[in-house]
Amino acid sequence: MDYFLGLIINGIVVGSIYSMVALGLVLIYKATEVVNFAQGELLMIGAYICLEIIQVTGMPFLVSFLMTMGFMVILALAIERLVLRRMMGAPALAVIMVTIGIGIILRAVVLGVWGATSIPFPEVFPRQGIDLGVVTVSQLYLWSFMLSLAFMAMFGAFFKFTRVGLVMRATASSRKAAESMGVPLTKIFAIAWIISAVVSGVGGVLTGNIAGLSPELSFYGVKVFPAVILGGLDSIVGATISGVIIGVLENLGGGYLKDLTGLHGLGPVAPFFILVAILWVRPTGLFGRKDIEKL
Amino acid sequence: MIETVLRGRPLLADRFDRIGAVALIACLAVVSQFMGDYHLALLTQITVFALSAMGLNILLGNTGMISIAHAAFMGVGAFSSAYLIQNLGLPALPAVLLAGLITSVVGMVFGLPSLRLKGVYLAMASFAAQIILYWAFEQSRWLTGGQDGRFAERPVMLGISFMDSHRFYLLALAFAVLGAVANLNIERSRLGRAFNAVRDRSQAAEMMGVNVFRTKMASFGLATFYAGVAGALFGQYLEFVAIQAFSLSVSIQFLALVIIGGLGSLAGSVLGAAFIVLVPEILDTIILMFSHNTGEMAPIRLGVFGLIVVVFLLFEPQGLARAWNRTRQWALNHTGKGSQTRS
Chain Y
1 MDYFLGLIIN
11 GIVVGSIYSM
21 VALGLVLIYK
31 ATEVVNFAQG
41 ELLMIGAYIC
51 LEIIQVTGMP
61 FLVSFLMTMG
71 FMVILALAIE
81 RLVLRRMMGA
91 PALAVIMVTI
101 GIGIILRAVV
111 LGVWGATSIP
121 FPEVFPRQGI
131 DLGVVTVSQL
141 YLWSFMLSLA
151 FMAMFGAFFK
161 FTRVGLVMRA
171 TASSRKAAES
181 MGVPLTKIFA
191 IAWIISAVVS
201 GVGGVLTGNI
211 AGLSPELSFY
221 GVKVFPAVIL
231 GGLDSIVGAT
241 ISGVIIGVLE
251 NLGGGYLKDL
261 TGLHGLGPVA
271 PFFILVAILW
281 VRPTGLFGRK
291 DIEKL
Chain U
1 MIETVLRGRP
11 LLADRFDRIG
21 AVALIACLAV
31 VSQFMGDYHL
41 ALLTQITVFA
51 LSAMGLNILL
61 GNTGMISIAH
71 AAFMGVGAFS
81 SAYLIQNLGL
91 PALPAVLLAG
101 LITSVVGMVF
111 GLPSLRLKGV
121 YLAMASFAAQ
131 IILYWAFEQS
141 RWLTGGQDGR
151 FAERPVMLGI
161 SFMDSHRFYL
171 LALAFAVLGA
181 VANLNIERSR
191 LGRAFNAVRD
201 RSQAAEMMGV
211 NVFRTKMASF
221 GLATFYAGVA
231 GALFGQYLEF
241 VAIQAFSLSV
251 SIQFLALVII
261 GGLGSLAGSV
271 LGAAFIVLVP
281 EILDTIILMF
291 SHNTGEMAPI
301 RLGVFGLIVV
311 VFLLFEPQGL
321 ARAWNRTRQW
331 ALNHTGKGSQ
341 TRS
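Protein chains in written order, with our numbering: chain Y, 1 to 295; chain U, 1 to 343.
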């Protein structure tokens, strides 16, 4: 039973990070109709930058964390300004490929600067467990969970209560209508990229804390794909919920399916089986909107 | 883009193409026999990659669908041909073709959701296919040898042994030429026009009597058949098949190859293959001039590759094929012969 609960809690924690990063992906898609295939690399570079700032400046984690976010903002602006803005209206394949290209460049930077070996993240949150009555949870996990919740709440509030948030929602629901009402689209696109890069950065720092730093970290970012497909590519609520679902299923899959099937490494691949299954059965996901195509 | 089909298109547009194609093939066949091992290895790789790229280009360029799993499909071909030959004792030629068919079936299974999907959704479906297939390779030690890989041998086909690298190149070239002729023939057939119709407006195509689902499946089947045969040849050429050769990054390389070469263009597949094989080699030579630290090579290679992809998409989205067409047009204008060209 403890094993089961442990898997569930682990899944919820990792899943909440997926949710947060998935939020970024959905956000960009809704605002700009671009699916960012470099999300995993953004996550990875966020983690490495944070580590570098801690090691070089020796500043406390919180300051380094904020500086990392600053870096992610600049990076997002550069990507949007230099590349994606010029790709507006290009076919889906070209846009996908260009984000893959950006991902490759980021990966090359990480490999060139930090190498391919895995680096442990300096201990920020103690791994020591806290007894929650039913089960003991590592403090690191609790912190990660709360931080991702806090970030998601922050963005929720941003969309609900600020003017920019309102304008972004308007853009997402209809780009043409928003544009004709005088919404500066390029600014909205830039903000969407900034938010997405920042949540990826946070996700990177948290997963880096949990799993250590290596170029493999980008695979965590890739696992938000099943999450967004499950929830519906254009649904923010869907992304939030299904991130956790994917996290839990992945952990249960890794924990039990190995004994059941005798196959190794099924955990990380399980979400992709789910992805294919959903695309077969219900391509719009749980919460997605079905758009009707007209000639 | 509007084309009227009155008499049907000839296989190659005009005399320039016809003479050029024959000259190129003859030239490659002869020159390759005098090449050193290093250059021959590069040329063989380009040829096999070009064959594989033709398949991906049918999917990407002609039918407008996306696949981020092309390398995984090549892997299916490579492993199944090795298995058919070594474990089941099939002769090489049927084994390679059967491996193509097997790949084709696997490809169509993963292509099934494509009826309802397009654009980014399809990209994600194939992305999942790549990850699932790669994981399946890792698990199926009986087929792939797991992380150790497995040996593949140079084949004997139609009574001729292709053990020798120079001979093997001729085999690869023959397959590539056959693939190219088939490709051109498909393009000018009903099926090829159906591909284009589905790409441009699938609803309109459906109204005009094109079975969209069957057309999409045919495109997947053809694309992965090419991948399977090319994968089988690739394994035989290396005499060794390792799963790492069919990873996600290789699939991305193939996507980049087709885009850099030119979507929906045979010349694009060939030029793209040459580009993707030669650029890293040239880059290595340049890096070695400045530094002797070979550890720096991989990241620089990767970074330049990413940059090239982004720059091509920003500034020459139609790829090398367009540059080639310009040169070709120039040559035509200066010889005063030849008809109007198709894009």
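No wet-lab data here; the hints were simulated from the structure. We put the CB at the ideal spot given by N, CA and C, even for glycine. Treat each hint with caution, since some may be false.
As the list claims (entries may be wrong) - Listed next, with one range per pair, are the computed distances between beta-carbon atoms:
id : chain 1 : residue 1 : chain 2 : residue 2 : range
1  : U       : Val279    : Y       : Glu216    : 48 to 58 Å
2  : Y       : Glu216    : U       : Gln86     : 48 to 58 Å
3  : Y       : Pro122    : U       : Ala182    : 50 to 60 Å
What the hints assert, rightly or not - To give an idea of the interface, some chain U residues facing chain Y are shown, with a C-beta separation under 8 Å as derived from the structure:
id : residue
4  : Val105
5  : Met108
6  : Leu112
7  : Met124
8  : Phe127
9  : Met297
10 : Ile300
11 : Phe305
12 : Leu307
Structure-based check of all given hints:
At about 26 Å, the beta-carbon gap between valine 279/U and glutamate 216/Y misses the expected band of 48 to 58 Å. The hinted window of 48 to 58 Å between glutamate 216/Y and glutamine 86/U is violated, with their beta carbons roughly 33 Å apart. Distance hint check: the CB atoms of proline 122/Y and alanine 182/U are about 58 Å apart, consistent with the given range 50 to 60 Å. The interface hint given for valine 105/U is broken, as the beta carbon of that residue sits about 16 Å from the closest beta carbon of chain Y, more than 8 Å.
With a cut of 8 Å, the hint placing methionine 108/U at the interface with chain Y is violated, because the nearest CB-to-CB distance is about 13 Å. About 7 Å separates the beta-carbon of leucine 112/U from the nearest beta-carbon of chain Y, less than 8 Å, and the hint is met. The beta carbon of methionine 124/U comes within 5 Å of a beta carbon in chain Y, closer than 8 Å, and the hint placing it at the interface holds. Contact between phenylalanine 127/U and chain Y, as hinted, is supported at the beta carbon level, the nearest pair being about 7 Å apart and thus within 8 Å.
Violation of the interface hint for methionine 297/U is found here, the shortest Cβ-Cβ separation to chain Y being roughly 10 Å, above the 8 Å cut-off. The beta carbon of isoleucine 300/U comes within 7 Å of a beta carbon in chain Y, closer than 8 Å, and the hint placing it at the interface holds. A cut of 8 Å between beta carbons decides the hint on phenylalanine 305/U: the least distance to chain Y is about 6 Å, and the hint holds. At a threshold of 8 Å, the smallest CB-CB gap from leucine 307/U to chain Y is about 6 Å, leaving the interface hint in force.
Checked against the numbered hints given earlier, the structure breaks hints 1, 2, 4, 5, 9 and satisfies all the rest.
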